Amino acid sequence: MEFGVQAIFGPSDPILGAHIQSICEALDVPHLEARIDFEPASKQLSINLHPSQEYMNRAFKDLMAFLNWTKVAIIYEEDYGLFKLQELVKSPGTAKTEMYIRQAAPNSYRQVLREVRQKEIFKLIIDTNPRNIQQFFRADLETFDLEDFKYNSVNITAFRLVDVDHPKVRDILTTMEKFQPIGHAILNRSGIIQAEPALMYDSVYVFAKGLAAMDSGYSIKPTNLSCDNEKPWDDGLSLYNYLDSVTNLHGLTGNLEFQEGKRSNFKVDLLKLKKEEIRKVGTWNPNDGINITDLNAFYDHRAPNITLIVMTRAERPYVMVKEDRNLTGNARYEGFCIDLLKSIASQVGFQYSIKLVPDNIYGAYDPKTKQWNGIVRELMEKRADLAVASMTINYARESVIDFTKPFMNLGIGILFKIPTSQPTRLFSFMNPLAVEIWIYVLAAYLLVSFTLFVMARFSPYEWNNPHPCHQDSDIVENQFSVSNSFWFITGTFLRQGSGLNPKATSTRIVGGIWWFFTLIIISSYTANLAAFLTVERMITPIENAQDLAEQTEISYGILKEGSTMTFFRDSKIGIYQKMWRFMESKKPSVFVESYEEGIARVLQGNYAFLMESTMLDYAVQRDCNLTQIGGLLDSKGYGIATPKGSPWRDKISLAILELQEKGVIQILYDKWWKNTGDVCTRDDKSKESKANALGVENIGGVFVVLLCGLALAILVAILEFCWNSKKNAQTDRQSLCSEMAEELRFAMRCHGSRQRPALRRSCTRCSPATTYVPAALDLPHLNGEGVILPMIDLKKSPVAYDLDS
1 MEFGVQAIFG PSDPILGAHI QSICEALDVP HLEARIDFEP ASKQLSINLH PSQEYMNRAF
61 KDLMAFLNWT KVAIIYEEDY GLFKLQELVK SPGTAKTEMY IRQAAPNSYR QVLREVRQKE
121 IFKLIIDTNP RNIQQFFRAD LETFDLEDFK YNSVNITAFR LVDVDHPKVR DILTTMEKFQ
181 PIGHAILNRS GIIQAEPALM YDSVYVFAKG LAAMDSGYSI KPTNLSCDNE KPWDDGLSLY
241 NYLDSVTNLH GLTGNLEFQE GKRSNFKVDL LKLKKEEIRK VGTWNPNDGI NITDLNAFYD
301 HRAPNITLIV MTRAERPYVM VKEDRNLTGN ARYEGFCIDL LKSIASQVGF QYSIKLVPDN
361 IYGAYDPKTK QWNGIVRELM EKRADLAVAS MTINYARESV IDFTKPFMNL GIGILFKIPT
421 SQPTRLFSFM NPLAVEIWIY VLAAYLLVSF TLFVMARFSP YEWNNPHPCH QDSDIVENQF
481 SVSNSFWFIT GTFLRQGSGL NPKATSTRIV GGIWWFFTLI IISSYTANLA AFLTVERMIT
541 PIENAQDLAE QTEISYGILK EGSTMTFFRD SKIGIYQKMW RFMESKKPSV FVESYEEGIA
601 RVLQGNYAFL MESTMLDYAV QRDCNLTQIG GLLDSKGYGI ATPKGSPWRD KISLAILELQ
661 EKGVIQILYD KWWKNTGDVC TRDDKSKESK ANALGVENIG GVFVVLLCGL ALAILVAILE
721 FCWNSKKNAQ TDRQSLCSEM AEELRFAMRC HGSRQRPALR RSCTRCSPAT TYVPAALDLP
781 HLNGEGVILP MIDLKKSPVA YDLDS
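Residue 279 in full-length UniProt numbering sits at position 279 of the sequence shown, with consecutive numbering throughout.
Be careful, since some hints might not be right.
[Claimed, not checked] Straight-line alpha carbon distances no greater than 30 Å define the calculated BS3-like cross-link-like pairs of lysine-lysine that follow: (1) K342 / K662; (2) K382 / K417; (3) K96 / K71; (4) K560 / K578; (5) K636 / K355; (6) K355 / K644; (7) K382 / K651; (8) K61 / K280; (9) K370 / K90; (10) K61 / K43; (11) K405 / K119; (12) K71 / K209; (13) K636 / K96; (14) K674 / K355; (15) K370 / K586; (16) K405 / K560; (17) K43 / K209; (18) K267 / K119; (19) K405 / K209.
Simulated from the structure, these hints should not be mistaken for lab results.
Note that the coordinates shown come from a computational prediction; the quantities given were computed from them, not determined experimentally.
Go ahead and model the full structure; you've got the sequences and the hints to work with.
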């Protein structure tokens, strides 16, 4: 200080650096550092070229999130190591990240790594003294089984400040090699530029540029300072401001910019050790975060000489065993999963050997024995490296093994036998209207008929002169008798004429409102008739899971020891809990050992099978007697399973994503689900261009009604014939048989005249219901037999008679 010091560089020791910093603050001397500073607060007159620990912790968080690390061990050596990483520990990359923190010295590396391995943690963040890092990796190799890494060395990812490939860095090193060989030898020791000397070089570079900028416009006066006097340097603060505001400088550690004495707007390189060489695979900066430039660095396309044990379970169409006994090895198997495994193996780079799981179970947790079974147990006990099958990803399995990204999405559906068609009834033409509607129409028919009869009797405008030519006639007639009222209502209901027309306003209102009523009823009937006669109606006892749970006649079950059983057993939804209690208590058992057994029980009838939708689609497309009821009960996916911490999981996940983007997985799905040649052909009635032809079973009832009507008409005609013959026999004073024979001969004469003599009629047959006779009028004299005398002159008599009687 006493010799006019203008700045102090270093030191690297944090404790000594703190003392130097306090002296610089007291004397206003700029202090340039090149070490990690743990304190986040800014310091006066201090410029640190090393990126702050806050930024470095953010870089670690972003890298962990990108690599999807959910279980990490942090191993540090120095006492301040935990303090340095405290922000990373407090808030890791994701909320579900599990961290295991241990301090380790060189003599305890193996013990700590052994504890980490027992906890099945294979992702490590190491913060040790650089001099001990080689010894640490030796212990790592001895403790961990790095069989998976022997073809690509240890899987190491790190950050680097010095980009040796940058042109400006090369220019600086070339210049130093020519003019400063000693400095170049220090920087480029062993061919690797270390961060600490590079940062020290940049600090001198920044000081030189700042001092030159200040000297160009301001005269610097060096002052002899003393720690005893504590008189600050007058130009120290100005020089610090020039150093803090330097721009457009590129040193060995990249862009040199500062904000309140801390490094800003910088970047670090992301390095990865691949095939015994360090490769730059991306960068990180505070503004943009991780930027990966070489995605292929995270898995190797080249096929190494390594064979993985792949566990699976025979299940159509995922994995099927060929019937040819001469085949051996992987050639014995075929199916969707086998083709998928071939594509992934060729892309990621490995060979494989397929084995079937001994107990033929995917894997479920038994709460009684507290043990897993099936494929899950094989992976937990490291007897298999991969499991490629229709294995559902769920929470229970994910807690003990790892899954890749799902290669297929699905849910739980209900498989049921197609319900039988509703038998067509003979009188199906009456189906468009409900029975109660037909009853209401009949009641309306009777009510309106009697209403019309009564209204016509009361209204004076319905009583008319039967002989309009005789204006002085005192007898009027009403056309709406009881029979005529019913006939009028019947004719209008069937859209036919009746020969009767209402004349009074009241009767016209009755007729009009009846016409409106019949218009709506007949239009509704006609509109609904086509659907009832052409559409095949099914008897569906259940429509969804709710209907299934609320009945007990139809049994339903699931696959034993599978993810569907776990779903119902652990579900908190009331309806699914009710279904689980039913299935668990049902005797005989509704659980099945395989999908084939469940499908067979469905085809037997009165049984619904809850299964995964992909297998359900496969079964439905191959048997036209099967169908899916309702929608899906949940949503999940199939994934490839690996042991916990397996390095193959991320590689296979990337391969699956690429296969999905290229459409390879969809092509495989179509191959094994739709294009196998055994898909049944279903009649898609919604696409038929014309309606189905109607058979006798659809409209045969109409012919029955017609025949019944004809039979009734013949019966009434016979009764009328007999009744008329009896009256004529009494009038003609002859036997009934002779009268009926005479009438029958005349009626059966098809080629004779259409006219015959009219018979005499008794006056007592005049209809009092349709003829009104004034009280002052005297009717013609009748003979003793009640027959009108033939000498009466009707032209002079104003008497009206009901000739229909």
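Holds or violated: K96 and K71, Cα atoms, limit 30 Å.
Holds, because 9 Å separates the two Cα atoms, which is no more than 30 Å.
Within 30 Å, alpha carbon to alpha carbon, are K370 and K90?
violated (34 Å)
Are the Cα positions of K370 and K586 separated by 30 Å at most?
The hint holds at about 25 Å.
Would you mind confirming whether the straight-line C-alpha gap from K61 to K280 stays at or under 30 Å?
Holds: K61 and K280 sit about 19 Å apart, inside 30 Å.
30 Å Cα cutoff - pair K267, K119:
Violated, because 35 Å separates the two Cα atoms, which is more than 30 Å.
Are the Cα atoms of K382 and K417 separated by 30 Å or less?
This hinted pair is violated, its Cα atoms lying about 42 Å apart.
Does the structure keep K674 and K355 at a Cα separation of 30 Å or less?
holds (27 Å)
With a cut-off of 30 Å on the C-alpha distance, tell me whether K71 and K209 pass.
violated (46 Å)
Proposed proximity, K43 with K61 (alpha carbon, max 30 Å)
holds (26 Å)
CA of K405 to CA of K560, is that 30 Å or under?
Since the Cα atoms of K405 and K560 sit roughly 25 Å apart, the hinted pair holds (cutoff 30 Å).
Is the Cα-Cα distance between K382 and K651 30 Å or less?
At roughly 19 Å apart (the allowed maximum being 30 Å), K651 and K382 satisfy the hint.
Is the straight-line distance between the alpha-carbon of K560 and that of K578 30 Å or less?
holds (18 Å)
In terms of the numbered hints stated before, the structure departs from hints 2, 9, 12, 18 and 19, listed from lowest to highest.
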